[in-house]
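Undergrad: Each chain is listed here by its residues.
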Amino acid sequence: MFELQNMTVRFSFGEALREASLRINPGDRIGIVGESGSGKSMLAACLMGMVPDAAELTGTLGVDGIDMTHASEAHWQTIRARRVAMIFQEPMSALNPLRRVGETVAEPMRVHLGLGKAQARARVSALFKEVGIPDPDSRLRMFPHELSGGQRQRVLIALALACDPELLIADEPTTALDANVALKITDLLVDLSRTRNMALVFISHDLAAVARATTDIAVMYGGDIVERGRTAEVLANPVHPYTQGLLAARPDPRAVPRDANGRRRRLPTIPGTVPPLYKLPQGCRFSGRCAVERSACAYVKPAPVGPRHATCHAITQDTL
Amino acid sequence: MTYFLLRRTFGFIATLIAVSIVVFAVMNVLPGDPALTILGMDATDDALAALRKELGLNDPLLARYFAWVGGALTGDFGTSHSFRVPVAELITERLAMTVSLAVAGMVLTLVIALSVGIFAAANHGKAGDWATMFISQLGIAVPAFWLSILLVLLFAVKLRWLPPGGFAGWSDPVAALRSLVLPTVALALVQSAVLARVTRSSALEVMRQDFTRTARASGLSQRRILWRHVLPNALVPIVTIVGMQFAALVTGTIVIENVFYLPGLGRLIFQSIANRDLPTVQALVMLFAVIVVTANFVVDLLYVLIDPRLKARA
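Here the protein sequences line up with chains A and R, keeping their order. According to the numbering used here, the stretch in the first sequence is residues 827 to 1146, in order. According to the numbering used here, the stretch in the second sequence is residues 9 to 322, in order.
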């Protein structure tokens, strides 16, 4: 079980993550959504022990009750692959181009589980089959450049599963893939999570993919988790102004493109852009772009309110 | 792949032919009469003419070129003017020395440069990186002959650990190896300074790539990631430089053999030039050129062995 409590990741130029708390139980499927620069990947880096050396960490990261916040690289090497594994956005560049993909997937098994060559090979073949790679015994002899993007992402999923982790983090796993392949990879991750009772943290800015893949969701903005809850509930009824803006900015294929007066409807957007870390407001990170902003918002950090833990001064127990 | 091999082999042979033409032309249009050199200023015209005829100097240039190439292909490089023995014999006697020096120098260069370069890359931006890069900058700035003299002063004259120079032959292997230690170190230090910097920057570039992160996410140790994932991917620029360095090492033995008074090809070429011993000089220049061209040919083949993507394209 993994648990982040009040985790803050501070660099000299600003905070990439602020007092983030997240509990991951076996079999959970949690979506993390937010724009680029919202701290999604930093949250994943915390769970992998791969935060850059320059950062200062405060708070706790518990792995089965052991605080790993300041654990050594050697200690993390015993956690990665065996307890928590990760797949990344770019399947094109995430595989060593000089190695046959079978070798790449076998390596953590041989290093961590002490498997022999033949054992590891059989296991790789079985994993390839499990992640939907056809003709696994010939594919494992191929080099990454001989495989398509979707196949490479499946190889990376197999690599992540090599040592049966309890938690799989998928950081924008489908962003680089075309829509049809993306859908299949999303469904594959859900199936794997179900059949292996493996927790899944699914990071994406694609709300449709998150809705499809996860049961719970955390919305991030500027290093804060601004709202959380059951995926279906949050997406149907967002309470935080940022989540509302994010959902409104979603193109709706059923929407009529012209209004009653015949004018072309414009897709609503959130005004402005995510400021760089060093320019984030002290208080609510969303102030400056928020439609319901009050005078204190930029200076006072809002406390989480209600079952959604929404961090917004405009939300009180009454308005919920 | 077959096409690639054929093309490279053809290029290799074509280069050798071009080199042989240039070497032959340069040696034969240079001013100076070999007959006069051999017989001295006091020789009679008759004696000179007779010798020119004997040496074949009156034949047309083209005929002399083909005679030379034909001989070279069968291992006959003519007779040395100054040593009065076949050039081939002179070369084979001294080849072992130069080849041992160059190969030992290359191996030592690789050991030092790869370890130092990877160490610096792993400690990027930290004290270890700065220190090694500062020392390697010094190493690049220092000429090999000057470094040799310093090494002799320290290890031979002051500490008396190793002989200052000379070579007593291979019959006593321990003594032979001892006399090769300082020349090898002198050759390798300067080359490894250059190669360490190339290794470092190439490794740093690879470490920024996504698959290094994937390896780390798989719980692999930093050591394993550096040597098994980063280094192989950093090899293409390293191998390019190594190819050029091997050529530089072979020619660098000319200087080093003279500083350490070692009986190798480097000393031979130096003596032959001083003696205007044309057949020997010609054969040696050709031999050095062959070594350089072969090194580059091997490098081309290595690229394909290193990177399977090139094999697909080749």
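Please keep in mind that the hints were generated in silico from the structure rather than gathered at the bench. Take these hints with a grain of salt, some might be off.
Below 30 Å or equal to it, Euclidean Cα-Cα: the simulated DSS-like pairs (lysine-lysine) are [said to hold, decoys possible]:
1. A:Lys1105 x R:Lys134
2. A:Lys955 x A:Lys943
3. A:Lys943 x R:Lys319
Beta-carbon label-pair distances, calculated as ranges [as the list claims (entries may be wrong)]:
4. R:Gln145 x A:Ala1005: 21 to 29 Å
5. R:Val306 x A:Asp890: 47 to 55 Å
6. A:Pro878 x R:Phe153: 39 to 47 Å
7. R:Lys134 x A:Lys1010: 55 to 63 Å
8. A:Ala900 x R:Val30: 34 to 42 Å
9. A:Asp890 x R:Arg16: 53 to 61 Å
Note that beta-carbon positions come from the ideal geometry of N, C-alpha and C, so glycine has one too.
Undergrad: Give a verdict on every hint.
TA: Hints versus structure:
no.: 1; hint: A:Lys1105 x R:Lys134; in the structure: holds (29 Å)
no.: 2; hint: A:Lys955 x A:Lys943; in the structure: holds (18 Å)
no.: 3; hint: A:Lys943 x R:Lys319; in the structure: holds (26 Å)
no.: 4; hint: R:Gln145 x A:Ala1005: 21 to 29 Å; in the structure: violated (52 Å)
no.: 5; hint: R:Val306 x A:Asp890: 47 to 55 Å; in the structure: holds (54 Å)
no.: 6; hint: A:Pro878 x R:Phe153: 39 to 47 Å; in the structure: holds (46 Å)
no.: 7; hint: R:Lys134 x A:Lys1010: 55 to 63 Å; in the structure: violated (44 Å)
no.: 8; hint: A:Ala900 x R:Val30: 34 to 42 Å; in the structure: violated (59 Å)
no.: 9; hint: A:Asp890 x R:Arg16: 53 to 61 Å; in the structure: holds (57 Å)
The structure is inconsistent with the numbered hints 4, 7 and 8, although it conforms to all the rest.
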